[in-house]
Amino acid sequence: MSQSNRIPGGRCVDYGSEINFRFNGRSLKGYKGDTLASALLANEIKIVGRSFKYGRPRGVMSAGSEEPNAILQLGANPASQVPNVRATQQQIFNGLTSRTTNGWPSVDFDVMSLVGLVAGKLMPPGFYYKTLMFPQFLWHTYERIVRRGAGIGIAPTEPDPDRYDKINRHCDLLIIGAGPAGLAAALIASKTSARVILLDEHDEAGGTLLYSNDIIEGLPGIDWVKQITAELNAAANVDLLTRTTAVGYHDQNFIVAHERRTDHLADVAPAGFARQRVHRIRARHVILATGAHERPLVFANNDVPGCMQASAVSAYINGYGVRPGKRLVLMTTNDNAYEAAFDWIESGGESAVVVDIRTSVNSELLKRAATAGIRTLTGSAVFEVKGKRQVKAALVCGLDAERNALIGNDETIPADIIASSGGWSPVVHLSCHTGIKPDWREDIAAFVPGATNQKMLTAGAVSGDFSLSAALRQGASAAATILADCGFDLEDKATTSCQEHTVGMFQPCFHIPHRKPTSRSPAQFVDYQLDVTAAAIELATREGFESIEHVKRYTALGFGTDQGKISNVNGIAIAARSTGRSISETGTTMFRPNYTPVSFGAMAGRDVDELFQPKRYTAMQPWHEQAGALFEDVGQWKRPWYYPQTGESLQDAINRECLAVRSGVGILDASTLGKIDIQGPDAREFLNRIYTNAWMKLGIGKCRYGLMCGEDGMIMDDGVTACLADNHFVMTTTTGGAARVLEWLELWHQTEWPELEVYFNTVTDHWATATLSGPGSRALLAELTDLDLDPTNFPFMDWREAMVADIPARVFRISFTGELSYEINVNANYGLTLWRRLIEVGEKHNLTPYGTETMHALRAEKGFIIVGQDTDGSVTPEDIGMEWAIARRKQFSFIGRRGMAREDCQRQQRKQLVGLLPVNGDVVLPEGSQIVFDKPHQLPAKMVGHVTSSYYSAVLGRSFALALIQGGLGRMDETVQVSIGPDTWETAEITASVFYDPKGEQQHVQ
Amino acid sequence: MLKIHCPYCQETREEEEFHYSGQAHIARPTDPESCSDEDWGNYLYFRKNPRGRHMEMWVHAAGCRKFFNVVRDTVTYEVEQTYLIGHVPAGST
Amino acid sequence: MSNNSYAIMEQQPSIKGLANTPLVNVVRGAIPGPNAVGIEEHDDVGHLVLRGDATLLASAVTEVLDLAFPDQPLSSCSRDKTCIRWISPDEWLVTVPGTETSSVESSLRDAIVGHVAIVNVSGGQTIVHLTGKHASDVLMKSTSYDVHELNFPTGKVITTTLAQAQVIIRRLDTDQFELVIRRSFADYIWSWLRDAATEFGVNG
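Chains as they are written, first to last, in the numbering used here: chain S, 1 to 1006; chain G, 10001 to 10093; chain H, 20001 to 20204.
Chain S with its partners taken away, still in its complex shape (with noise of 0.2 Å):
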């Protein structure tokens, strides 16, 4: 039974191009062009998955995004699948392969369905919460059970083997769908020079005339796509976009759209192509084109396989060349459903009969229904259907006159297919993403575009206006207005002229009722994804909940994937007949962004695996490498972490390391630290209001500490700057700091001092530094430098200007272990070469290259702080101990110093910082251990601090930590408690913060 549906003369497919493709573990043909839901249906496979919530059979519903039942599961192996297609909207191409998400065992018997068949009554809204919480206990056991059978998808379990693409657009005009409405309005713009994109979701543009009869221009409305797009392609200035979806409309005319560029041709994408490609649109102007869906009427069994939207057999009919049965039963609220009909019988199908609930119709319509061999019934509805796996038969009624009860007999109408058509909802998602509600129209009983404060006009069926030659003139009025207010010159005004029928009335219904109260008639589908049932939504406002939002949450319309296209105004008018409210009354919920779901892989776009985030190196970084080091992250930087040698632990080299500086040299790449070159006259005074110490009279060749506080008087970073010249200097920052402190810099100057003449550039990757530490690093300086390095010429705290290797430097002696030390500046372009030949010539000196670890445990042996690791942003320098830094008898009140006056930052008992010494000088305390002076008799206890930092220290031989605690400066020797894991304390004492060389001998070393 190869494509047994399959009928000529389908406008998208090329029938002489056979593709093979697989569903469920069958091997099926289709066409080319064909989406996987047509080439499904031209098979006769009517049920494509199993329901969310009762495990019901269900069958293609649409032909387009708005699909709630055909959601597969997609991917020939375990890296390439993807959950959540949408079949509608998936071409087919050799090798595809697809499965049904829901349905356990198998989509044929799944045993969810006799929970559906026995509790499917018994499963109301909040039956999880209401049922299975008793006993409490036993909830995670049924939960277990209630998950098996749930479920929509699955990730993929390998990496992605795909690559994804994001690109940034930019227009004068954005125009969002290529039906009619987009077309008219792109043929306009393509004869200006606007910039122009056209988007559209599906596969090729036209919109309706895919499928339609329409004739515009005297040719058949596809003709006269192709003959536009034709046009539009050659166009220079138009970027025509297919399979791309605008998912979100953001402020400003931001407009986020979503393209599958390769998904229509391979299970994973050809080399070095993206697969999907995130376009980043900014429009000045928009053009909102989306056009309808069609809404489907709810009625008893509306969900077997074999119920879709009428435009929808038109769509498979004309566009796809399948026809989904024989025998139509086709119910509406309108006239334009009648064209499916019609298809059906022109493409040769068995019978076809029109439902019409109106008692008064068009008798033009009706007479063009009965020559074509269609029989109409008015004043009538489908209220339920017969067969469970599939469509047998309608059963037909007349009714009432407000339609809120069955009068008259019933009559069992056979059919294999029930299209319904209870009128059109405008595709408004997009108008709701920038924040406006969209409004009620009674008189198309349908909700449109609110105004928006966005430049974007509406076109179309969007608008609330379905007719042909509405979307052809308000496309190009919308155009033109838009390209007039742009400055463009229009030079054809021309209007595309169209054939149409007149429409008659369409009377708005929604709900058709049925024999029983609507509780106890067979299942009524509102919401099919999430399994919403008209009794559901009943029941809810039943039971209390009014506002829709609370029947939204509570029902979960409108949650599933689909967003609630087609259900969403069914919902809300039962809600709202049943609170005896008007629809505008009841309102509506909000649509979010995305339109429809967007993989993962192309929010990430080039942001994955190397390309993360950026990795900054410094110029040493390949010497680096070669040695082994280990790396860690410091911000965006990669910095050598330590540098193992064979068979060594993290802790053996830290111990090796620092006692290599301790007692000869080490070597450390301090080219990450901040580097800010400051010139000016008014350079010294500027750094006088933003350190907290004084600058006055560091003379030329001189380096100083400073401290910088926030106007709370916080400590916020620190450094060494130096005086290069009278009006120069050159200010270090923490690395992680080097940014936030330029822009802090920058801040005071241009807002609050800009009389201040001084200019701040970064440095930070200009200058590459190699410093030398340890009691040997004077001897090895010496080999490669004539610099005098007598330390009376050359004393701690200054620098000097001289050739290192070759390489004209400038030498800091400054010190961050407490070993005498130098920091070798040089322009970054000869930092590897000085690194190298530094190695080479350390080699007879032993020298030790070293990373962050060692640095960060020789200088906390010090109790130099690290801003932002022993501080937090709530840390004054009286509570570290470092009132000597703050120079209170300058004359300008500098950044922090009222705000270290304030009470609180005077108060007793604050949190500073100390030594301490755990009493197993084995144990290394976890930073971020917590601390209190007793061990508590009783939890919660109150903490009293924290531990900053902590290491092993190899000089000390025993452990050591920096800890934040109450009053702690005036606690030396006592002993607190430190929590290190559940019911697990250790003992320390409580010492000064300095632990080695308190007196600072070795770095002024003569």
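Hints are computed from structural coordinates only; laboratory data are not their basis. Think of the CB as a built atom: it goes at the ideal place given N, C-alpha and C, for glycine as much as any other residue. One or more hints might be untrue.
[Claimed, not checked] Quick list of simulated restraints, FRET-style, between CB atoms:
{"no.": "1", "chain 1": "H", "residue 1": "L20150", "chain 2": "S", "residue 2": "G9", "range": "42 to 48 Å"}
{"no.": "2", "chain 1": "S", "residue 1": "K702", "chain 2": "G", "residue 2": "S10034", "range": "31 to 37 Å"}
{"no.": "3", "chain 1": "H", "residue 1": "A20111", "chain 2": "G", "residue 2": "T10012", "range": "35 to 41 Å"}
{"no.": "4", "chain 1": "S", "residue 1": "V841", "chain 2": "H", "residue 2": "L20150", "range": "54 to 60 Å"}
{"no.": "5", "chain 1": "H", "residue 1": "T20062", "chain 2": "G", "residue 2": "I10085", "range": "57 to 63 Å"}
{"no.": "6", "chain 1": "S", "residue 1": "G701", "chain 2": "H", "residue 2": "D20110", "range": "20 to 26 Å"}
{"no.": "7", "chain 1": "S", "residue 1": "L756", "chain 2": "H", "residue 2": "D20175", "range": "43 to 49 Å"}
{"no.": "8", "chain 1": "G", "residue 1": "A10027", "chain 2": "S", "residue 2": "V919", "range": "52 to 58 Å"}
{"no.": "9", "chain 1": "G", "residue 1": "T10012", "chain 2": "S", "residue 2": "P795", "range": "50 to 56 Å"}
{"no.": "10", "chain 1": "S", "residue 1": "P795", "chain 2": "H", "residue 2": "P20153", "range": "55 to 61 Å"}
{"no.": "11", "chain 1": "S", "residue 1": "G701", "chain 2": "H", "residue 2": "R20028", "range": "51 to 57 Å"}
{"no.": "12", "chain 1": "S", "residue 1": "A887", "chain 2": "G", "residue 2": "K10003", "range": "52 to 58 Å"}
{"no.": "13", "chain 1": "H", "residue 1": "D20175", "chain 2": "G", "residue 2": "K10003", "range": "26 to 32 Å"}
[Claimed, not checked] Taking lysine to any residue and the SDA-like style, the derived pairs with C-alpha atoms no more than 20 Å apart in a straight line are:
{"no.": "14", "chain 1": "S", "residue 1": "K999", "chain 2": "S", "residue 2": "E883"}
{"no.": "15", "chain 1": "G", "residue 1": "K10003", "chain 2": "S", "residue 2": "F254"}
{"no.": "16", "chain 1": "S", "residue 1": "K455", "chain 2": "G", "residue 2": "E10015"}
{"no.": "17", "chain 1": "S", "residue 1": "K615", "chain 2": "H", "residue 2": "V20027"}
{"no.": "18", "chain 1": "G", "residue 1": "K10003", "chain 2": "H", "residue 2": "Q20166"}
[Said to hold, decoys possible] Only part of the chain H face toward chain S is listed, based on derived beta-carbon distances under 8 Å:
{"no.": "19", "residue": "N20025"}
{"no.": "20", "residue": "G20029"}
{"no.": "21", "residue": "A20117"}
{"no.": "22", "residue": "S20122"}
{"no.": "23", "residue": "F20185"}
On the provided structure of chain S, position chains G and H as indicated by the hints.
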């Protein structure tokens, strides 16, 4: 994503080039030492949070590195105007 | 070489061959493709940041560099291997052949009277040229700035974001762009550009 006009580059650029830098027109007291704790606390911590028109300071961080002022509507996110530090917005008296 | 007010330092060694560009450690080489994008480093360039009022800088720049002064936002002036780019109302980026860096710095210092800053940043950044029919497509994948020729004509200079880094971009011609990138981000940007250009192919 906002679009913000940089009055220095004289172009409208994407929000990602800018950093928000708090409420505009908060001058540092000329003599902080004479401020009461309350005055100083107001200067440090108290900010407007209007529904509607808001004066803000932004910096063109990834561009010219200049600070400037922005009038932005906190409801519609419209950027009404941008103007230089030390100036008042157009339309103010 | 320093006077008392500002430190000017000859930073290039007299011995040649000691320098390494920021891109010393990256993957190079062609990636085959239909319309390959050229991604090419231009090294051995001196970079000087000039800060000050246009009125103080203009005549000195013209005198020392023999170039018009780009006082309009986002403009540039260039001659041979010398170029000056507007960066902000009080900032310009000058590039000169690498060997001339400190002599140009000194000449500018001597020629300018008043409060200006001149900073040698030659070690901190490098220049990459992006060329070819798809060069602008690669930029569209990388920056939110509108690089269409109507908005970004030849000679225009912008400072903006490129992927998650910052960059100065100057359009050299319809299909040619100059990117000034920071040293520490150079590996990242290089990899990014090659990755973004893969579908077109890369000459590099």
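task: Would you pick out the hints that fail for this structure and give their numbers low to high?
output: Checked against the structure, the hints that fail are numbers 5, 11, 12, 20, while the rest are satisfied.
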